[in-house]
Each structure stands twice: as C-alpha cells, then as structure tokens.
Amino acid sequence: MIFRECAEVARPPIKIQIYSTDIDEDAIAVSRGGIFPANIAIDVSQERLRRFFIKEETGYRIKKEIREMVVFAVQDVIKDPPFTRLDLLSCRNLMIYFEPELQNHLIPIFHYALNPDGILFLSPSESIGRFTNLFTPIDRKWKFFSTRQSLSLPQTAGTLGLPLTATLTGHGTTEPAIKPPETNFVELTRGILLQSYAPPSVITNEEGNTLYVHGDTGNYLRPAPGQVSLNIVDMAREGLQLELRKAIHNAVQQKTHKSIRGVPVKTNGGMHLVDVTVRPIADPRTAKDLLIVLFSIIRDITRRKQTEEVINRLSDERKTLIDNVPAMIWYKDTRNNIIRVNPAGAHTIGLPVEAIEGKSASDLFPDDADNYYQDDLEVIRSGVPKFGIIEQMRTASGRTLWVRTEKIPLTDERGTVTGILVFSVDITDIKLADDELINRSEQIRATNIELTASGQELRKKERELLDALAEKEVLLSEIHHRVKNNLTAFISLLSLDASCEDTEGGRALRKDLQNRARSMALIHETLYRTGKFSNVDMEIYLTTLIGQIASSYEGSTAIRTNVNAQGVVLDLARATTAGLIINELVTNSFTYAFPPGFDCLAARGETCTIRVSFARVDGTYVLTVADNGLGLPAEIDPLATKSLGLKLVNFLASHQLRAEIEVWSEKGTEFIFRLNNINDNK
Amino acid sequence: MTGKIILIVEDDGLIALHLTELLEKAGYQISGPAYSGEMVLRSLEESTKPDLILVDIGLAGLLDGIETALEIRKRFSIPLIFLTAYTSERTLERMREVAPFGYIIKPFQERDLLALVGEALERQVA
Chain H
0 MIFRECAEVA
10 RPPIKIQIYS
20 TDIDEDAIAV
30 SRGGIFPANI
40 AIDVSQERLR
50 RFFIKEETGY
60 RIKKEIREMV
70 VFAVQDVIKD
80 PPFTRLDLLS
90 CRNLMIYFEP
100 ELQNHLIPIF
110 HYALNPDGIL
120 FLSPSESIGR
130 FTNLFTPIDR
140 KWKFFSTRQS
150 LSLPQTAGTL
160 GLPLTATLTG
170 HGTTEPAIKP
180 PETNFVELTR
190 GILLQSYAPP
200 SVITNEEGNT
210 LYVHGDTGNY
220 LRPAPGQVSL
230 NIVDMAREGL
240 QLELRKAIHN
250 AVQQKTHKSI
260 RGVPVKTNGG
270 MHLVDVTVRP
280 IADPRTAKDL
290 LIVLFSIIRD
300 ITRRKQTEEV
310 INRLSDERKT
320 LIDNVPAMIW
330 YKDTRNNIIR
340 VNPAGAHTIG
350 LPVEAIEGKS
360 ASDLFPDDAD
370 NYYQDDLEVI
380 RSGVPKFGII
390 EQMRTASGRT
400 LWVRTEKIPL
410 TDERGTVTGI
420 LVFSVDITDI
430 KLADDELINR
440 SEQIRATNIE
450 LTASGQELRK
460 KERELLDALA
470 EKEVLLSEIH
480 HRVKNNLTAF
490 ISLLSLDASC
500 EDTEGGRALR
510 KDLQNRARSM
520 ALIHETLYRT
530 GKFSNVDMEI
540 YLTTLIGQIA
550 SSYEGSTAIR
560 TNVNAQGVVL
570 DLARATTAGL
580 IINELVTNSF
590 TYAFPPGFDC
600 LAARGETCTI
610 RVSFARVDGT
620 YVLTVADNGL
630 GLPAEIDPLA
640 TKSLGLKLVN
650 FLASHQLRAE
660 IEVWSEKGTE
670 FIFRLNNIND
680 NK
Chain B
0 MTGKIILIVE
10 DDGLIALHLT
20 ELLEKAGYQI
30 SGPAYSGEMV
40 LRSLEESTKP
50 DLILVDIGLA
60 GLLDGIETAL
70 EIRKRFSIPL
80 IFLTAYTSER
90 TLERMREVAP
100 FGYIIKPFQE
110 RDLLALVGEA
120 LERQVA
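Line order of the protein sequences matches chains H and B.
Residue numbers for the first sequence follow numbering that gives the first Met the number 0, beginning at 0 and rising by one.
Residue numbers for the second sequence follow numbering that gives the first Met the number 0, beginning at 0 and rising by one.
Keep in mind that the hints are not guaranteed to be accurate.
[As the list claims (entries may be wrong)] Some chain H residues judged to face chain B by a derived CB distance under 7 Å, without partners named:
| hint | residue |
| --- | --- |
| 1 | Leu400 |
| 2 | Thr576 |
| 3 | Phe650 |
| 4 | His654 |
| 5 | Gln655 |
[Unchecked claim] Listed below are the simulated EDC-like cross-link pairs for lysine to aspartate or glutamate, each with C-alpha atoms no more than 16 Å apart in a straight line:
| hint | chain 1 | residue 1 | chain 2 | residue 2 |
| --- | --- | --- | --- | --- |
| 6 | H | Lys358 | H | Asp369 |
| 7 | H | Lys641 | B | Glu23 |
| 8 | H | Lys78 | H | Asp369 |
| 9 | H | Lys14 | H | Asp42 |
| 10 | H | Lys641 | B | Asp111 |
| 11 | H | Lys646 | B | Glu20 |
| 12 | H | Lys62 | H | Asp86 |
| 13 | H | Lys14 | H | Asp25 |
| 14 | H | Lys287 | H | Asp369 |
[What the hints assert, rightly or not] A short list of chain H residues far from chain B (calculated; beta carbon distances all over 12 Å):
| hint | residue |
| --- | --- |
| 15 | Ile1 |
| 16 | Pro36 |
| 17 | Glu46 |
| 18 | Cys90 |
| 19 | Ser258 |
| 20 | Leu350 |
| 21 | Asp366 |
| 22 | Arg439 |
| 23 | Leu474 |
| 24 | Arg515 |
| 25 | Asp570 |
| 26 | Leu643 |
| 27 | Arg657 |
Simulated from the structure, these hints should not be mistaken for laboratory data.
All residues carry an ideal CB built from backbone N, CA and C; glycine is no exception.
Working from the sequences, and respecting the hints, build out all of it.
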C-alpha cells in the first residue's frame, strides 16, 4: 500500500513488482488469498481500509490492484536459487531463528539478489554481521542497508551453481570500493542479453515445482486452474502438459537433457508450435538436481489451426449432408469397386453399408455391373462427367428399380482420374408413369390417325352424298315438273271437243275432271317452285288453286274468295288429298251455293264469299271450307251422299287425312276438318 | 256372287275407294279399307275373318305391307294378294318370303285384279 501510494506521486512513474516468498506452502496459500482479519482496522488507517480493502463478513479482502502487485512463491531462501536484480529485499525476523553460520550464508545471497544500490531491510534485532564489505547501513535503527559495489562475488556465490555466475570474475577482494565501470558494463550487457535473448525459462526441482521464473512464460504457463500449485506441469498450457511431464520424468531418470520439438500448444489466444528443453542442473547445496525448463515458440500456427477447424467443421457438415441427402451416392474406384456408399444408397440396395463398401460392383449387381462399368470407363477415359443415365438397378430383395445416374470423375493433382462419384436417384415411379404416358400417347396417336382417316373418309362420303343429293334434287325438281306437265297435258286432252259427250252432264264431268287434275298438277308445281320436294306450302298452293277454280266459273266475279293458310306446310300425300277435298267443296260452292236470284247482301248482309282457312290450333290442323250461300238442301245428308264429290270428301278425309268432320248449314255451308295425329305419317 | 269378304289394306284414299267400288260391284263384301298394318292386325283380332286380303306394299305407318303380311301369316291362314307400285328385285324377293297368293302391279287393269281375286277365292274353296 505504501509502495502504491509512493508510486502514484513518483515522477516519472515507477513500476513496482513484489515477490513474496515463504518456505511454507500453506502460508503462501493464505497470503495469496489476500484476506485479513477484522482487527487490522486497529492498526490500518480508515483511509487505507477504504481505499485498498473490501469489507467482508470475516474481515477485509485486499483489493486486486494491490494483490496483483505481488507474486507469491514457495522458496527456501537457503537452498533455492535467489531472485536477482531486486531493488529492495525485506527479510525480517527470519534470521533470528538461524544459527550464525546460516546467517553468514544468507547475507551474501541477499547481496547477490540485489541490484547495485539495492536496499536490504532487516528487523531491528538482526544485522549484516561481518559482511560490512557488502552492505552499508543507511538507517541503523530501522536496519536499512545499501549494497556495496564489489568486484568480488560473495564467497558462497560460486556454490550457487547458476550458469550466469561464470561471467563474474574477481574474487575475495576486500576493497570497499564502488563497483568498477567495466563490471557495471558486463552486468548491464548481461542483463540486456538476458532480457533480449535468453528464452523464457523456469527453474524447478525434480518434482517440477517452480523455483524461479525468467522472462515472459505466459505463452506456456498459466496459473493452475482449480488448484493452488506452482508445479510447472499443472501450470502448463493445453497441449503441453503430457509432453512436459514425460520430458521432466525422462530428464530426471536419465540425468540428461530432453527436448520436445514442435508441440502444438494452445497459447494465450492462439496456437503455436513450441520447443521445450528440460536440462538437469546440479544444485551444489543439496544432493538433489534442479531442472531448467526452456521454452521457445518455433511457429505460430494459429491460422493453420483455425483453418483446420474450419476444414473439420466443413468436413463434418459435408458428411452430414452426404448421409442425409435422399439420393444414392457411391464412390467407386476405376476398377468397378465400391469404396464408399452413403446410407441412402445402402438403404435402397437393402444391405448395410459395411456389406457394400469394398465390394466389387459385379458382386453386388451381377446383372448390371457390366453396363455400369461401361459408363465408368467412358468417364475415366474422357475425364468428362456423364449425366442423365437412365438405368436399372436390382436390390438385394430382387426388386428392379429405375434410377437416373450422374457420374463425375475424381482426379488427383496431376489430373489422372482416380475414382468416380456416382449419384443416383430412384425414378421408378416417374419412369413407370412416363412409360404409361408414352404408351397412352401412342394409343392416342394411333386412334387419332384412325379418326383422321375416318374423318377424311366421312368428309369424302359427305361430299359424295351432297353431290348425290344435289343431283337428286335436280332430278326431283325435274320429275315434279314432268308430272305437272303430264297432268297439264291431260287437262288439255280433256278440253278437246271429242273428249266427252257434248251434253250438260258431259261438260260438267269434263270440268270436274279438269279441276281435280289441276289440283294435283298444282301440288307438283308448288313443290318445284318453292324448291322443296316433300313439303307443300299450303298458303301458296291454296291461293293458286282457289284462283284457278274461280277463273273457271263464268260470272264468278261477284263471288269473293278468301284464303288463309299462313304457315301451314303438309307432306305431299296429305297436301294432295287436302287439295282434292278443297277442290270438291269449293267447286260445289261455286256451282250450288249462289244460284241466280240469291241475294247475298239481302240474305247474309255481305258479299258472296267462299272462305278457305287452314290453321294450326292446339297441335291440330283445322281446315275450314265455307260459303255464305244458300246452304245444303235439307234432304241431303252430306256425310252419306252418293254424289261423287261429297263421297270423295268423306272418304279421303276419314281414310287418308284421318280427320273428324263437322258440317254446318245455317248461314251457308261450312265444313270443318280436324286432322288428328299430325306427326303420325311420313 | 258368293258374299266372300275381302279385306283391303291401302293407304292411298283414291285407290282404296277405287278398289272398294270395283269389288263391291263384283259382289264381294269389303272389309276396311284399312290404311295401316297396325289397323289391320287390330281389326283381324276383333271382327269377322276375311276370305282374302289385298295388301299394298307401300303402307304408311310403322309396318310396311310386307311386314304386315308376315304378321298376318304368323297368326292366320288367309290368302294374300300384294298390290305394289314397285317391282324392284329386292321387293320381289321380300314378297316371296311371305309366299302370297299373287301380286298385282299398280296401275292395274280391273280385269286382271278381278281374275286374280276370283282365282284366289276359288282355290281356297277347293
């Protein structure tokens, strides 16, 4: 604490290192703890207690800043080598326990340990004895002594066995002189050389317990973790312990120096290759040997170590990857042998990895190995990877798989292919689906070709049919034209004078026949005019028919005709029949309904009218033929008459049109026909 | 003459009317005329059996004349005479399957028809 207080005010600042030693390890251990009993408060000022101690339950713990100033070590001041170059050596109340002989042994050692102008501090009851040539009193009461410069070594110095003593010459002088300059120079040089070139080293006893430390040994030693020990092996850093223990053991056993070369040591924050030499040295005071352990770093391998760690980590990651990838990975040599397989590969084959590695592919795949090898050889010869090989693979259980394989050549640094990396994926499902798809697609293509052919055939047939139809239409048109012309010719034939008797009956018969033939001829004319060959537009047909009948009756101009058959279309057979019926009824109306003297206007209040209507009512065709004339004579039953006209009407209506017939004869005559089953006929 | 009953199956009204008048004048009793195969089969089940049937081959309706004749043949042994406007080989071949008494081609001579009808009825009596 005093040193610290002084050091703080010193200009320039000074660095203080205190070594504290005792022969008793227990005492050292207590000292290291830095805990003092509570009663020190009696002697230690409040200010210092506050500044340098931490109050604890059992007392005071010295603060780190003071504790770190002190290095504790077990030391036998008599037997063990001394510290050197000390500025102050305090050894109080020790020598009083020693015999004078031993005291005389110690004082020169103290002198040796101290720097020139160093100070020795003894207790009041102790003294330097006869060694006034070595020390000069500074304070007689407090027993401070200053070293005296001397060329001579203390008489015991030569027995210390320290290698460096050899450089000190001169002996036994009593000259109380100041240290000569040349000696000072030698000391200085020695110090500089030691400091600069001597390797960090440690003096230990044969058990390896540290006695003295030279230089910075931080790269090799550190406080033994978890235990209070000064044993160099315990203090050795990671990597060094085993080798060091062995070297110490051997050096002691064989009494010769032992070297360890290039031990990788985890130094403070790095990794170094370290050389260590353990050399036995004789301690002349005892029969026992001491050991000097010299350390040196030969190479910094921190970077290399880090790189190795990265590589190891990468390698581990790669292994994890290879072990877990859901694809088969094989490593083969160039002679079709399997060197490595990943778990996925082994699992697929159905064998343990050990049963595969080292085997020839021929043993594992008797059916396929030759094929595999052909690809291998191709890759080996070309040095170029081969991708997308689709091949079969048979498992141990006899199942056949489809796999997609990539083969990649592995080369050495000279570029020679030394092996092949085979990467296979099971594509059995895809392959089967694909085959099925190809199969289907072929079927579809075949069907498509057939369909196209059929389609072409159909189109050809259709063209032929259309051609044929066009031809038939021409023919039909021609036929209807011919039929109409034939009937027209027949009508003309009837017109010839000699065609019938020139009587009233004969002429009437001729007219009836001509009208009937005309009604038929008109049907055919309507068909070819309208360009339809089986369906007759009744509006067109009836308008023409009624017009022609009207024009054949002289004096018919007073009789109006009214036709309405809008939208009614009948097949040829029924149109012809309807035409005949209408012809009979309209002819009757012209002939009998309006006799001379019958006054339409007077009797009916309107013009003489013959009305024909054909209409569709509730799915039934209704044909009405009516006049507003005289009406049927009371004695005539229109449904049972033997007259040809009405007989024809009745028979044709019921037999061919399958119609219900109603006859009304109140204000003229009205025939109503309801045609049943309109779609029943062809 | 004999009051024999003849069933006429003919869908053309004018021809049916012609046949009816012609055969009635010749002294036969006329049944029908029917205009479809279905109508004939129904009337054969219900009314007096005719002695002879005249069938038009080109009937309207679901059954044509030949099919109607085949149906009649299956159920009754009544002689048949076909009336036809068509004389193609195919038609003649189909007619032969029915084994009719004979056939008349339209338009026919009244004399030929009456002769054939008379022959058919006489053969039956014999």
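Now for the hints, and whether the structure bears them out:
1. Leu400: 66 Å, violated
2. Thr576: At about 6 Å, which falls below the 7 Å cut-off, the nearest Cβ of chain B leaves the hint on H:Thr576 intact, so it holds.
3. Phe650: It holds, given that the least Cβ distance between H:Phe650 and chain B is near 5 Å, below 7 Å.
4. His654: Holds: closest Cβ of chain B sits about 5 Å from H:His654, inside 7 Å.
5. Gln655: Since chain B brings a Cβ to about 4 Å from H:Gln655, closer than 7 Å, the hint holds.
6. H:Lys358 <-> H:Asp369: 15 Å, holds
7. H:Lys641 <-> B:Glu23: Satisfied, since the Cα-Cα distance of roughly 14 Å is no more than 16 Å.
8. H:Lys78 <-> H:Asp369: 83 Å, violated
9. H:Lys14 <-> H:Asp42: Judged against 16 Å, a Cα distance of about 27 Å means the pair is violated.
10. H:Lys641 <-> B:Asp111: Violated, at about 27 Å.
11. H:Lys646 <-> B:Glu20: 12 Å, holds
12. H:Lys62 <-> H:Asp86: 24 Å, violated
13. H:Lys14 <-> H:Asp25: Given that 16 Å is the threshold and the Cα spacing comes to 29 Å, the pair is violated.
14. H:Lys287 <-> H:Asp369: 76 Å, violated
15. Ile1: 142 Å, holds
16. Pro36: Label holds. Min Cβ-Cβ 136 Å, cutoff 12 Å.
17. Glu46: Fine: 138 Å to the nearest Cβ keeps H:Glu46 off the interface.
18. Cys90: 148 Å, holds
19. Ser258: At roughly 126 Å from the nearest Cβ of chain B, H:Ser258 sits farther out than 12 Å, so the non-interface label holds.
20. Leu350: Consistent with the label, H:Leu350 stays out of reach of chain B, its closest Cβ about 79 Å off (over 12 Å).
21. Asp366: 69 Å, holds
22. Arg439: At roughly 46 Å from the nearest Cβ of chain B, H:Arg439 sits farther out than 12 Å, so the non-interface label holds.
23. Leu474: 17 Å, holds
24. Arg515: Answer for H:Arg515: violated, closest chain B Cβ roughly 10 Å.
25. Asp570: 10 Å, violated
26. Leu643: 10 Å, violated
27. Arg657: Non-interface label on H:Arg657 violated, nearest chain B Cβ at 8 Å vs cutoff 12 Å.
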